[in-house]
Structure formats: structure tokens, C-alpha cells
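Q: With the hints as your guide, set chain X onto chain G.
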Amino acid sequence: MKNPSLKKVALVLFLLVLAVTIFLFIAAFQQTQNVLMESTRNEGLSMAMLASEQVDGDALASLHTGDEQTARYAAIYNDLNRFRRANPDIYYIYTMKKENGSIVFVVDADYRNPGAVVPGAAIGEVYTNVTPAMLNGFSVPTTEPDFTTDQWGTVYSTFAPVYNNRGEVTGIIGIDLNAGTLSSRMMTLKVLYLLVLLITFALALSVAVFIATMQEQAFRVVQENEKYLKTIMQSIHAGVFIIDAGTHLITDINPKALELIGAEREKVIGRPCHKFVCPAESGRCPITDLQQTVDNAERVLIDTRGRNIPIIKSVNSVTIGGRRLLIESFVDIRERKTMEEQNAQLIRELEMANNELKDFAYVVSHDLKAPLRAIGSLAQWLAADYRDKFDEEGRAQMDLLMSRVNRMQNLIEGILEYSRVGRVREQKDEISLEAIVREAIDSLSIPPHITITVDTPLPVVRYEKTRLHQVVSNLIGNAVKYMDKIPGEVHIACTREGTFWKFSVRDNGPGIDSRHFEKIFQIFQTLQPRDKVESTGIGLTIVKKIVEMNGGRVWVESEVGRGSVFYVTIPISNTEEGSS
Amino acid sequence: MKDEKPILLVEDDLVDMMSVKRALRDLQVTNPLHHVGNGEEALAWLRDPKNPRPAIILLDLNMPRMNGHEFLAIAKKDEAIRRIPVVVLTTSRAEADKVQSFDLGVAGYMVKPVDFQQFVDVMRTIRLYWTLSELPD
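Same order as they appear, the protein sequences are chains G and X.
Quick note on numbering: the numbering used here labels position 570 of the first sequence as 570, and the sequence is numbered without any gaps.
Quick note on numbering: the numbering used here labels position 128 of the second sequence as 1128, and the sequence is numbered without any gaps.
A portion of the hints provided could be inaccurate.
[Unchecked claim] With the Cβ distance kept under 8 angstroms, some of the chain X side facing chain G (calculated, not the full set):
id: 1; residue: 1013
id: 2; residue: 1015
id: 3; residue: 1019
id: 4; residue: 1022
id: 5; residue: 1091
id: 6; residue: 1112
id: 7; residue: 1114
id: 8; residue: 1115
id: 9; residue: 1116
[Unchecked claim] If you anchor each label on the Cβ, the simulated ranges turn out as follows:
id: 10; chain 1: X; residue 1: 1073; chain 2: G; residue 2: 489; range: 56 to 66 angstroms
id: 11; chain 1: G; residue 1: 527; chain 2: X; residue 2: 1131; range: 45 to 55 angstroms
id: 12; chain 1: G; residue 1: 381; chain 2: X; residue 2: 1096; range: 29 to 39 angstroms
id: 13; chain 1: G; residue 1: 514; chain 2: X; residue 2: 1096; range: 37 to 47 angstroms
id: 14; chain 1: X; residue 1: 1117; chain 2: G; residue 2: 486; range: 29 to 39 angstroms
id: 15; chain 1: X; residue 1: 1131; chain 2: G; residue 2: 384; range: 24 to 34 angstroms
id: 16; chain 1: X; residue 1: 1073; chain 2: G; residue 2: 381; range: 30 to 40 angstroms
id: 17; chain 1: X; residue 1: 1124; chain 2: G; residue 2: 429; range: 36 to 46 angstroms
id: 18; chain 1: X; residue 1: 1121; chain 2: G; residue 2: 410; range: 13 to 23 angstroms
[What the hints assert, rightly or not] Quick list of in silico lysine-lysine cross-link-like pairs, DSS-like style, CA-CA up to 25 angstroms:
id: 19; chain 1: X; residue 1: 1098; chain 2: G; residue 2: 358
id: 20; chain 1: X; residue 1: 1098; chain 2: G; residue 2: 428
id: 21; chain 1: X; residue 1: 1098; chain 2: G; residue 2: 465
id: 22; chain 1: G; residue 1: 389; chain 2: X; residue 2: 1021
id: 23; chain 1: X; residue 1: 1077; chain 2: X; residue 2: 1005
Quick caveat, the hints were computed from the structure, so don't treat them as lab data.
All values derive from a computational prediction rather than experimental measurement.
All C-beta atoms, glycine included, are put in the ideal place defined by N, C-alpha and C.
If we strip away everything but chain X, and leave its shape as in the complex, we get:
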């Protein structure tokens, strides 16, 4: 993992958060995982100068208070945040959700599988992506 930068997980479901944590542990990813429960909290965390800039944002779409799309709409207009790659991690297979997400500039769109082992595979793919892809500083 590049420079041990943190990973920001925006996810309201506790078990899903645990799934990500476990998958990263299984994949022996050592980057710190920071978890927030919705878009508002994510923006607050990202805009807090005390916090380091994350290497990647894993974003759930369906969340209370501010959902994933609303978060993206604001984040992609924010000069300080817009270049951080966002990978959507959701249960929705709906075409409209995919189209809207890519229109809002996401780097990837992953559907959460039911089977945990498959979920680990998804996380492996994401890790591979951010390990191989060059990112701006």
C-alpha cells in the first residue's frame, strides 16, 4: 500500500464495515482503515486538516442523512477532495445507480456479493487497482 495512507470507508452497515475490515486483514493490507457512517461525516472527516488525505474512498450508496450520490456531487466539486479515487461498494445492481455514479466521476463500481469469500475477491481487485494505478499527490 502506498505510503501507508489511510483508507476511508463510508458505510452505515456495521457488518459490511466488519466485512471490509476482515477482508483487508485477510489480504494483509496494513493501511489504517477509517470508518464513517454517512456522506456528511465523510465530508467532515475529509475537510478536517488534522486528518491525513486517504489513498482511496470506499463508498456505499444507500446511507442515512447523506447518501453516496449526494456525497459524490459535493466531493467532486471540492478542489481538495475531487482527485481522491472513489470506489462504490454497494448492493445495487441498478443501471441507473451505475450510470449516475460514473457520471459523478467514480473510479470503480463494485457490487457486494453475499458470500464473504467472494467479497474478499472483490476487495483483492480493489487493492490491486489502487496498488497498480498511479495517483496524483
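Isolated chain G (complex conformation):
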């Protein structure tokens, strides 16, 4: 019951029904009472007429004050008493006549009656409480309209005329019927009816109260459900449209959705969904017409200005109360889109920068190397063509010139190599570290005073093969290149540390001061003069780049004069788990 005015209508209806019921009860009671009264009246009338038949009108007329001892009086007196004895319903029986304008008693059945409750009246005693029914009794048999209650009890009075032999009315006979039972029966009936009425009323009232309470409760539940739904709709962060699947009209919308499309609620409710939710044409609804499903899909929302807002949308089709609804919920992804665009822009810029770097590497490789090669060639030709013109010092200078050309050549190649790491990606394979170490040792031409020992079994790792070779040969090569002891010892080991392999190359060489631990991994940084040990200062930089690009770490532990240990970590992939 949504509308409280309906409740009023129901209440009025209930009261009306109650009133009709009460009226019908009263009518039924009246009818019953009337029937009872009628039968009582008939009984009284016939009783009075029967009694009147027993009384001689002439005898009645002849009786006057003081005639109580006469045989005429005794005859009527005995007749009345006999009649009373024969009819136990008779409470009181008497005769009256008109005398000098008054109604007076003639023969009273209770006159000197030893068992009488009411003291009987003597002849000529004036009766004062004359009623119209009594007067009417002088012409036709009549009854009082109702019971009469006096100090002796409740009676029903009835009268009939008494005739003489000439057919003249000489008096009346009055009979009081004992009405105590009847009246109490009437009373009981009254009470019974009242009781039934009360019970009916109480029953109806309680039913009405029960129904009203139930309705109140149902109404409250509906209200609470509405409030519950409204609160949810208002507080969810996503935009929600409820659409009738049949008519494609928007039936409900939440504030978040209104905020997104920038419209007022009244302007959206009842409008076709494709004006806002999706840009489909009428009759080409993706869900109901084209049988598509929309689940976390990127779509657009159209706002009131006709702008498209990118959203992530899901549509659920539900049936509530026989009505098919589409529940469309969506979130605004403008920020995400902007971020994606920014990211794409960033990637484009990075790609451009990377390409520039690639071009730069090419410029270095060709444009720097070409003149360098020319210098080298010209120097060699000079040395060859003018050999006899150069003295010892001139030749030494020529050699220095050539060595610097070679060093520059190495530097350029180093830069190219460094830029190639990461730019040129190789496929990762399952590589035996042991094989790589062996290859590296073979390619390095180790002097006889240096021994290389592999202390632990070496695992199979997932790596780019040539890069791993670069790392290993750089580390072993450095250990050999800088070795200053006889005998020189290089130890190679690999241990498992959690999810990493820790590969180490230990030597008993000169060692590195701890303040240089970072510097040695930076490009072009060398610790020895280049004329003493020819080095570009790129090797460890390349090692660091390769190791870090493969998710590992490289560091050194060292003590000056005792030697160094270089560590490299390699992530253990799932496929190589346990294959050491």
C-alpha cells in the first residue's frame, strides 16, 4: 500500500460495514421482540375474552358498595378465582365499571383471598391510575402496549368488555398476566444480542487492526526497501542506469551517472537509452536487438552536450516482477585514457630518443671510424714510404700514433657494443653455465702462471647466450688481465641463494680499494694508466648492463693486495627449477 489515502478509504469502508451490521442486529432484535410481544398480546386478549364470557353483566351492574356478602357477588368472585386457578399465567383478575364519572372496582379476585400478594379491593373502590387502554377496554378487548412494573412485580395488563343479557357493556374484566418470565426472557435476549454485537464489533475491530498493522508493516518494509535501494544507488561510485528492455526508456538513474552526463534527473527519466548510454540507433540496441553481451567493455557515454565520455561498462539483464530490465553500470575512464595517451606519448618520445641513439651509434661507427682509419692508413704509409727518412725517435712517435689510433678504435667499438646490449635482443635459452665458462677460458689464452679452478657444479640458466658469454669472459678476462702474482689463481663458483644463482669469480690479484667499488662499473673508468694495461673501461659497464637487464645484480668484494671477488646474480626461472 503505497498511498496513505487508500488507508483512509479502507477505514471508512470498515466503519460503514460495521454500522450496517449493527443496524441489522438491532432490526433483528426488534423483530424478535415484536413477535414475542404479539404472541403475548394475543394470549392476553383471548384470556380476557374467555374470562369476560364467564361474567354476567347484569349481576355486575347490580353490585354496589356493601354487597360483598351477597350470593351475586360470591358467584362472580368464585367464577373469577376458578378461572385464575385454571390459568396459572394469570397473576391478577378483577372487574370494574364506570360509576359517577369514575372507574371503580366491582369484584376483585383477591378480595379477602388469603394467599393474595396484592390486597384486594372492595366494591366501589375508585381506581386512580386509569390508562387509555383501560378505557378502550370498555368497547373492545385491549392490551396495554407494554409491560407494567409496580411494587408487586411486572405484569402484562389486558382488558375486555363485560356484556349484560341485552348486549350492553356494563363493565370490564382486567387480567394481569404474569410477565416476569417473559420480561426476563426479553432481557436475556437483549443482553445476548448486545453480547453478540459486542463480540462482532470486537472481532471486526481486531481484524481491522490486524490488517492495518500488517499493511503498516508491509508499507514500512516497502519504504525501507526503497530507502535501501536509493541509498545504494546514491552511494555507489559507478554510474547506474536502469532501462526497460521492452521500451528502451530509462526508468532510473543514480547521481553518479547524472554527474557524468551533466543532466538533471527529470530530463533523463523516461528518455530513450540510446540518447545517453550508447550511441546505437533506435532499434539497433546491442543487447536486445543484436544479442551482444557487454561485460567490462570499453564503450562511450554521451553527455548532454553530445560529447563522448569513455567508460568501462557492464550490462546485466534481469527480470523483476515480469518486467525485463537492463542494468547498466559503468565507470568513467577518462583519467585512465589520458594517462594511457600520456604513456603512449612517452613511449613514442622514448622510441624517438632510442632511434636517435641508434642513429648516433651508427654515426659513431661510420663517421668517426672512417677518418680514424684514414689516419691509421696514412701513418702506416708514411712509415713505410719514408722509412729511410725517419730516425729512431720518429719511428717511436709513429708507433705511439698507431697505438692511439688503435685505442680510439677500441673505445668506439666498446661504445657500439655497449649501445648494442639491450638494443639488440636475443632469444633466451637454457644455457649450461659450465659450457659458457669453458668456452670463455678457451677463448682467453690464459698465461701458464695462472690457474683457473671451477669449485662448484655450475647450473643451467635461462639467458641470452652471447650476453652470458660476454659477462663470463669479461669477469674471467679481467681477473687474468690484472693478475700481478705468480702463481695466479682464479676460482669460479656458483651457489643458490633463494630465487637466484650467485655466480662468483675470485682472484688473488691486486684487489680494489673499497672507494672504487662503484666507480669500476661506470663507463670509461679505469684504475690503471692505459699505457700500463690497455683497457677501454667499458667491459664492467657492459657486464653491469647485461646483468641488470636480466634481473640480476653485480658487485665486488675486495681487499687491496689480497684479491677480488666479483658476484653476479641470475634469477632462477621456473623451467630450470632443480636442474643444476
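A: Leaving out everything else, chain X in the frame of chain G:
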């Protein structure tokens, strides 16, 4: 050298040209060396009926006006030129350059070393190639 046919050197760098000349002299190759500075000049020389057909073309990649790859793309479609063996002589070690060159039908790809003595070795290899390989007339 076969029939004393000329060698066509397509090279923009003067010192590189001198290197080739010196290396051929050191190797006592007597074939005449003809030098042009870029792809356009090379095509013009090859298409000039007054000029003899060269035994081999030594081609630099990085040149002004028309580079080595552009030259190859045109030369390999030219019925009169396409069967002359071309050996690329360049500073580039880039994989892309190598792939593109072989796709365009070169007979060899040599990287110019810095050291002249090594360059002479490269030229010796090239000479060996064209001396031993049979070529169509």
C-alpha cells in the same frame, strides 16, 4: 687477373680509394682501377658504351647522392649490369646492412679494418675470389 678487365671502385672517401689502390699495388694486381665517387656516377660509367665491362665492382655503402643500397637496387634490375659481381666494402658491421646487401644480390661483404695491413689481407681475399670464381662473360 682475368683479361685485364678493369675494377670499378665506388667510394667517396679519398683515403679509402688510396687504400684500395695501394693494396692492389702491394698485391701486384695490374688490372686498371676505375674510381667513381657515388652510385650515380657508377651507373653513368657502367652505362657508357665507351667503357669496358668491369671484372668486379667494389662498393661502399655510405655515400652522398646515391648510396650503395640504392645503387644495388637499380643495378640488379639492369640486364647489362646485374651479372657483374659486387663486393661491398664498408665500415658498417650492422646486421641490417648485411642482410639488405645480400638481399640485393652482392657476391661478398667485407668490413674495412682500421689497420692497413689487415686491409691488404681483405683485398687479397677479394682478389682470390675473383681469380678463382668463374664469371659469365
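Q: Okay, which hints does this one fail, numbers in order?
A: No numbers; nothing is violated.
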